[in-house]
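*Asks:* Please model the complete structure; the sequences and the hints are all you need to start from.
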Amino acid sequence: MQLRIIHQTAGGDEDFCNRLNELLEVDGLKEVRFSVAYARWDGIGLIADRLEAFLKAGGRFSSIYGAGNGVTTADALYYGLVLAARFPKRTFAAFVEDKYSNAIYHPKFYQFLYKDKSVVLIGSANLTGGGLARNAELAVELAYNSNSALAKELDGFWSKAQAQAKIVTADEIRRLATSAGAGLEKRDEAGGAKAAKPAARVKAKSAPKPLFEKILNLPLAQKAKKVRLLETMDALTEPPRHLYLQIFKRETGGQKGKPGSAVQLPSATLAAYFGLGKGETRTVTFQFKDEEVKTRVIHNTNHTHQVRLNPIFSVERPAILHFERLGTDIYSAIFVPKKKYASILESKCTEQRSVRARRWGME
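For the sequence shown, my numbering gives the first residue as 17, with consecutive numbering after it.
What the hints contain is simulated information worked out from the structure, not anything from laboratory work.
The C-beta atom is built at its ideal place from N, Cα and C for all residues, glycine as well.
There may be inaccurate statements among the hints.
In silico EDC-like links for lysine to aspartate or glutamate, alpha-carbon gap of 20 Å or less [as the list claims (entries may be wrong)]:
id : residue 1 : residue 2
1  : LYS225    : GLU379
2  : LYS265    : GLU367
3  : LYS305    : GLU332
4  : LYS133    : GLU47
5  : LYS265    : GLU332
6  : LYS242    : GLU68
7  : LYS115    : GLU188
8  : LYS131    : GLU41
9  : LYS239    : GLU68
10 : LYS239    : GLU332
11 : LYS230    : GLU254
12 : LYS305    : ASP345
Label-pair restraints from in silico Cβ distances [claimed, not checked]:
id : residue 1 : residue 2 : range
13 : VAL42     : ASN118    : 38 to 46 Å
14 : THR268    : LYS354    : 33 to 41 Å
15 : GLY27     : LEU200    : 22 to 30 Å
16 : VAL371    : PHE329    : 49 to 57 Å
17 : GLU169    : GLU362    : 52 to 60 Å
18 : THR311    : ASN118    : 23 to 31 Å
19 : SER162    : ASN118    : 14 to 22 Å
20 : ALA26     : LYS225    : 37 to 45 Å
21 : GLY86     : THR297    : 26 to 34 Å
22 : GLN303    : GLU332    : 16 to 24 Å
23 : VAL309    : GLY27     : 45 to 53 Å
24 : GLY295    : LEU200    : 20 to 28 Å
25 : LYS225    : LYS305    : 27 to 35 Å
*Replies:* Here it is in structure tokens:
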């Protein structure tokens with residue numbers, strides 16, 4: 017058995033995420049198991065590219081995270097659904113929700129199972145941006161024979177963790193996200209107590225793009241999976257701020273053959289942008305230049321929802337409507353200048369369900 021100490025210091029040169037990425041690239045890796053108290057996308061995102069390359073090559077990834085603890089986020093749990101959709105039958109995503117007010121699920125366990133050996137890292141680092149790149153953390157790395165007594169002990173730990181865990185589903189994520197123990201991606205880890213202190217220097221990419229951007233960047237061949245995933249992500253803690261929506265020359269709802277003002281909102285935007293679960297209804301406010309529109313938005317089980325936006329009568333169509341999130345269920349609504357229509361359609365409205373469907377984009 018070989019032992020190594022990994023010591024990450026705040027602002028230092030050794031980042032825990034770098035070691036995890038190195039182990040993900042070692043030849044002969046068959047399975048990876050993580051069981052941690054806290055998980056956030058700002059941590060998982062630091063190893064996501066290597067993890068996905070490992071899965072693409074035929075590997076298996078299993079994860080069990082503590083949840084409902086005020087730190088683990090819906091975004092981190094959603095990533096388990098993303099991997100399950102992209103790599104069927106090669107992933108296992110579960111969570112442990114604490115039963116007691118004075119006890120918490122608290123392991124930090126990272127195991128790599130290779131063809132002829134195994135490696136485990138056990139220490140203080142959680143699967144968060146702080147744990148993998150910013151905080152002072154300490155871990156022991158053990159390389160051991162896969163048939164050893166230690167291997168059996170660690171397998172026993174994993175079996176017990178699985179036995180108390182629940183499978184991650186969109187419904188469970190939604191429930192956790194509305195509980196008192198919901199975590200946030202944009203969160204002051206010291207609760208404001210260190211607001212006056214400078215930020216630590218971080219060599220690793222400390223702020224991965226939000227999870228929704230990673231999904232939008234999936235290959236064109238996975239377009240259907242992309243839409244289905246976004247349709248479930250109404251509980252993102254770091255949702256898109258901007259929505260660009262193509263307005264057709266002839267929208268529905270007009271009378272006597274004239275163009276109408278009933279605009280169909282793609283279902284992916286109903287969840288990931290407007291934050292609506294399937295079947296959920298909410299009143300939102302769109303603040304146009306000369307008019308404020310309050311309307312009910314419903315996430316139907318079909319592919320779109322229709323909202324009547326009379327201000328589109330004031331512009332030449334086709335056009336692009338740019339929404340920006342101002343607050344809870346409040347959005348500014350600005351028409352892109354006509355001379356920029358073609359360029360914005362190409363650069364911002366990159367999503368389209370089918371050839372004749374409305375183009376849209378989020379960021």
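*Asks:* Determine for every hint whether it applies to the structure shown.
*Replies:* Hints, one by one, checked against the model:
| no. | hint | result |
| --- | --- | --- |
| 1 | LYS225 to GLU379 | holds (10 Å) |
| 2 | LYS265 to GLU367 | holds (19 Å) |
| 3 | LYS305 to GLU332 | holds (16 Å) |
| 4 | LYS133 to GLU47 | holds (11 Å) |
| 5 | LYS265 to GLU332 | holds (8 Å) |
| 6 | LYS242 to GLU68 | holds (16 Å) |
| 7 | LYS115 to GLU188 | holds (16 Å) |
| 8 | LYS131 to GLU41 | holds (13 Å) |
| 9 | LYS239 to GLU68 | holds (17 Å) |
| 10 | LYS239 to GLU332 | violated (31 Å) |
| 11 | LYS230 to GLU254 | holds (12 Å) |
| 12 | LYS305 to ASP345 | holds (17 Å) |
| 13 | VAL42 to ASN118: 38 to 46 Å | holds (40 Å) |
| 14 | THR268 to LYS354: 33 to 41 Å | violated (22 Å) |
| 15 | GLY27 to LEU200: 22 to 30 Å | holds (24 Å) |
| 16 | VAL371 to PHE329: 49 to 57 Å | violated (27 Å) |
| 17 | GLU169 to GLU362: 52 to 60 Å | holds (57 Å) |
| 18 | THR311 to ASN118: 23 to 31 Å | violated (46 Å) |
| 19 | SER162 to ASN118: 14 to 22 Å | violated (38 Å) |
| 20 | ALA26 to LYS225: 37 to 45 Å | violated (24 Å) |
| 21 | GLY86 to THR297: 26 to 34 Å | holds (29 Å) |
| 22 | GLN303 to GLU332: 16 to 24 Å | holds (21 Å) |
| 23 | VAL309 to GLY27: 45 to 53 Å | holds (49 Å) |
| 24 | GLY295 to LEU200: 20 to 28 Å | holds (25 Å) |
| 25 | LYS225 to LYS305: 27 to 35 Å | holds (31 Å) |
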